[in-house]
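*Asks:* Below are the chains, spelled out letter by letter.
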Amino acid sequence: MIKISEEEIIRGLLLRDEKVINLIYENYFPLIKRMVKRNFGNYENAEDVFQEALVIIYEKIKNNDFRLRCSFKTFLYSVCRNQWIKSMFKCGREYQDKFFDVEEYFVISHDVQDYELFDEIKIKEKLFHKYFLELSKNCQRILKLYFYGKTNSEITEIMRFKSEIYTRTRKYTCKETLKKKIFNNPEYKKILYNKTL
Amino acid sequence: MDTKFNLNELIERYLNNQLNPEELDSFNKEMELNEKFRREVELEKDLKIIVQREDVLDLRRKIHKAALSYNRKNESPKILHINIKRTILIAACIAAAFFVSILIYNNIPRKNSNNNLFNTYYNSDISLNLNRSGNNGLAEALISYNQKNYQDAINIFNDILSSDSSNIAVAFYAGVSYIETEDFKSAIKLFNHIIKDQDNLYIEHAEWFRALCLLRIGNKAEAIKEFEKISKDTINYHNKEAKEILKELDI
Numbered sequence: 001m002i003k004i005s006e007e008e009i010i011r012g013l014l015l016r017d018e019k020v021i022n023l024i025y026e027n028y029f030p031l032i033k034r035m036v037k038r039n040f041g042n043y044e045n046a047e048d049v050f051q052e053a054l055v056i057i058y059e060k061i062k063n064n065d066f067r068l069r070c071s072f073k074t075f076l077y078s079v080c081r082n083q084w085i086k087s088m089f090k091c092g093r094e095y096q097d098k099f100f101d102v103e104e105y106f107v108i109s110h111d112v113q114d115y116e117l118f119d120e121i122k123i124k125e126k127l128f129h130k131y132f133l134e135l136s137k138n139c140q141r142i143l144k145l146y147f148y149g150k151t152n153s154e155i156t157e158i159m160r161f162k163s164e165i166y167t168r169t170r171k172y173t174c175k176e177t178l179k180k181k182i183f184n185n186p187e188y189k190k191i192l193y194n195k196t197l
Numbered sequence: 001m002d003t004k005f006n007l008n009e010l011i012e013r014y015l016n017n018q019l020n021p022e023e024l025d026s027f028n029k030e031m032e033l034n035e036k037f038r039r040e041v042e043l044e045k046d047l048k049i050i051v052q053r054e055d056v057l058d059l060r061r062k063i064h065k066a067a068l069s070y071n072r073k074n075e076s077p078k079i080l081h082i083n084i085k086r087t088i089l090i091a092a093c094i095a096a097a098f099f100v101s102i103l104i105y106n107n108i109p110r111k112n113s114n115n116n117l118f119n120t121y122y123n124s125d126i127s128l129n130l131n132r133s134g135n136n137g138l139a140e141a142l143i144s145y146n147q148k149n150y151q152d153a154i155n156i157f158n159d160i161l162s163s164d165s166s167n168i169a170v171a172f173y174a175g176v177s178y179i180e181t182e183d184f185k186s187a188i189k190l191f192n193h194i195i196k197d198q199d200n201l202y203i204e205h206a207e208w209f210r211a212l213c214l215l216r217i218g219n220k221a222e223a224i225k226e227f228e229k230i231s232k233d234t235i236n237y238h239n240k241e242a243k244e245i246l247k248e249l250d251i
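Here the protein sequences line up with chains L and D, keeping their order. Residue 2 in the working numbering sits at position 2 of the first sequence, with consecutive numbering throughout. Residue 214 in the working numbering sits at position 214 of the second sequence, with consecutive numbering throughout.
If you're looking for bench data, these hints aren't it; they were derived computationally from the structure. Be aware that one or more of the hints could be misleading.
Said to hold, decoys possible - Cross-link-like lysine to aspartate or glutamate pairs, in silico, EDC-like; alpha carbons within 20 Å at most: (1) LYS48(D) to GLU7(L); (2) LYS19(L) to ASP58(D); (3) LYS62(D) to GLU47(L); (4) LYS220(D) to GLU182(D); (5) LYS180(L) to GLU9(D); (6) LYS60(L) to GLU7(L); (7) LYS48(D) to GLU18(L).
To be verified - Here are the simulated distance ranges between beta carbons: (8) GLU182(D) to LYS19(L): 53 to 61 Å; (9) LYS19(L) to ASN146(D): 39 to 47 Å; (10) ASN16(D) to LYS190(L): 49 to 57 Å; (11) LEU192(L) to GLN198(D): 20 to 28 Å.
Being a predicted model, the structure only gives us computed values, none of them experimental. Cβ atoms here follow ideal geometry from the backbone N, Cα and C, with glycine treated the same way.
Next up, chain D with everything else stripped away, as it sits in the complex (with noise of 0.2 Å):
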């Protein structure tokens, strides 16, 4: 402490030009030497600046204030307001694609192989958004996943999920590299997870990659449930496809 804290008085003086000539060739020779000091003079200098930007600064304040009534007022008791309407809409969905399920199943014959319309429907390229801070094995499974290497992203995503299986990010993605690799049962499992937290941002995606892989795996009844849901859940982001899909299965 005490060394960091005379280096920070050190920096401090050569920020207010209070050196002498000595002192200042010292320091330039450290700066020049010693990368984590320059850092620590960079910042304290680019600092000075930006903190000083009082109205931007004002400004920013204020609009965190704004986010947080917002959400005072309006997010809470939305989730709610979503999550009821949704265990509603679920179960109604899933009474009415029992029925149409067990129509299709028995009496409607087969316009599109099941193979077929996963290849239409599946599209793994989805952009990778997770937090890579402090944890090295998530950076490698990213520069796996990205290349392609599922399987070698599969083993690190485990690694992960076996220590945090609460990150829904990895589990997501886990997922999608388990279809990729064809192992559909894993990946479903995985969705399921995703599905059964109920409060995370996958959750429409994991619906729809599920469905599909119910799909290809020759549980068309199940899928065609899964599609019924989504496409009567007019908000969903893959409503649209939903309702395709289910034209093609000829629903």
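Excised from the complex, chain L in its bound form (with noise of 0.2 Å):
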């Protein structure tokens, strides 16, 4: 484990540097993937879950919400954990009273009680995320443009694509791909579901 301060962390994060995010990975992922594990959970599940707990961390670094009272560590397994029993929950199942925490000697920080981690424009908001990052780059730039509010001509011009026309089919094409595998995922599917209840 290669150390790093916890001011070094908050700062990295903060910056979104690549060092530090890399650091924080391999110093912690282990822990949260074996807590993940030990409660019946996958490997695919403790990365979801660590990627977005980070994410939560850095908003509230972001926002001047953020207030260290136990190691980040500590923080971080609390943030992790609540979002794993949180997931299970919704999945159907109480976890809470059963859960098997890999090591013994933590205590589980009060400060992320108050966190709303599973809003649902958190899990839209991760799940967007996520299949844009699957796009080409080509495609992520078209549609960045477009969401930004350029027209099909600027984004003709930057692009330097032939046409006009070319740029519409490729905009169409990315966006179609991009929705697609949204409308495809269960998490989603769920939240439409409970929208017509």
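Mind docking these for me? Both chains are given alone in their own frames, and the hints should help you get the complex.
*Replies:* Below, the structure written as structure tokens:
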């Protein structure tokens, strides 16, 4: 484990410093992976929980709403733990009473209790970003330009495409790919289903 | 494609406030009446907001990169290392447990009945973690399982396994369902299948349940071998329980 101070972690997260993010991953992911696996999750669940926890902490730091009253490790563990419990609860089972912590000395930080980790917009954001990042670099650029309000003619110019018709078709194809992936996601389907109830 | 393409452009024009009053009126009517259309519009609205959260998108990109780098550096060699270590450990445990089990089987009186121990240590309260997407049968099986209609669940789990025997999660819960219906031999078969697969997340639980099943059907010597193995694997999920049950068995 490469040592890194908590100040460096917080500053690095705020700046989205790749080196710091890599160190956080290497130092703490194994712990979270063990926790999730011990509680009937899989590797992918652990990756998911870890990513969302870092995003939550990043947003707290950015909004100047982050007070660390325990070690970063404990805090991160607690956010991930809560998130995994809630995620399991959403799948229809209550986990809290039977949760197996991986390190008994952990005192679960109460700082995380107020966080609403699973609101609809958070789930949507996680899914949209996930599938957006799976698109080709060109698709990502086209859609970003579009979502930032650029017209077809501006996108054609910026992307150096041969014609506006080509841009419209490319944009349509990229958007359809993205939307199809989102519509097919079980979590997203669940949100839509709940809305129709 | 043409209709969808045109519809897509219509939505774009709506979101950019470019529809004339007539178009807007019919657009709003369509939104009211056509749920699929409304979902398309809402998704596009949400996408616009969320994709603009560039800092979070950038953070996720970097976390994803860190995950890939971590996997490259750590996971592959680690899996290999664990497997080799495990193979040696299993071989050593089997050899040790073989002698211990002969000794126990022949000389030591029973302190607890196998059935009592099984009932004490068997806990089926395991939450389901199966991917339900695209499989209606699985959703049905999960409902039956959760409602404790284990025989119905078994039938559906078996249907799924007959077309996809690699679905280890389904095999595991089918195994647990067999235990619940007291068909321990069928349960053992499925747990063997999971253990043999060697590359899944259910191995430790399958080993533990197999050992309990062996105990329950009276194959105490084999069960003890399994418990010994688990009790020597300090990072095993059921390590503590295995040690306890061995004490109960007076080992």
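*Asks:* Confirm or reject each hint.
*Replies:* Against the structure, the hints come out as follows:
For the suggested pair LYS48(D) and GLU7(L), the alpha carbons sit about 34 Å apart, so the restraint of at most 20 Å is broken. This hinted pair checks out: LYS19(L) and ASP58(D) have alpha carbons roughly 14 Å apart, not beyond 20 Å. Our distance criterion of 20 Å between C-alpha atoms is met by LYS62(D) and GLU47(L), whose separation comes to about 13 Å. This hinted pair checks out: LYS220(D) and GLU182(D) have alpha carbons roughly 17 Å apart, not beyond 20 Å.
Among the hinted pairs, LYS180(L) with GLU9(D) is consistent with the structure: their alpha-carbon atoms are about 17 Å apart, no more than 20 Å. Simply put, LYS60(L) and GLU7(L) have alpha-carbon atoms about 15 Å apart, close enough for the 20 Å limit, and the pair holds. Under the criterion of a C-alpha separation no larger than 20 Å, the hint pairing LYS48(D) with GLU18(L) is inconsistent with the structure, at around 26 Å. The hint said 53 to 61 Å for the Cβ distance between GLU182(D) and LYS19(L), and at roughly 57 Å that hint holds.
The hinted window of 39 to 47 Å between LYS19(L) and ASN146(D) holds, with their beta carbons roughly 46 Å apart. Distance hint check for ASN16(D) and LYS190(L): the Cβ-Cβ separation is about 31 Å, which falls outside the suggested range of 49 to 57 Å. Take LEU192(L) and GLN198(D): their Cβ atoms lie about 39 Å apart, and the range 20 to 28 Å is violated.
Hints 1, 7, 10, 11, counting from the list given before, are not met by this structure.
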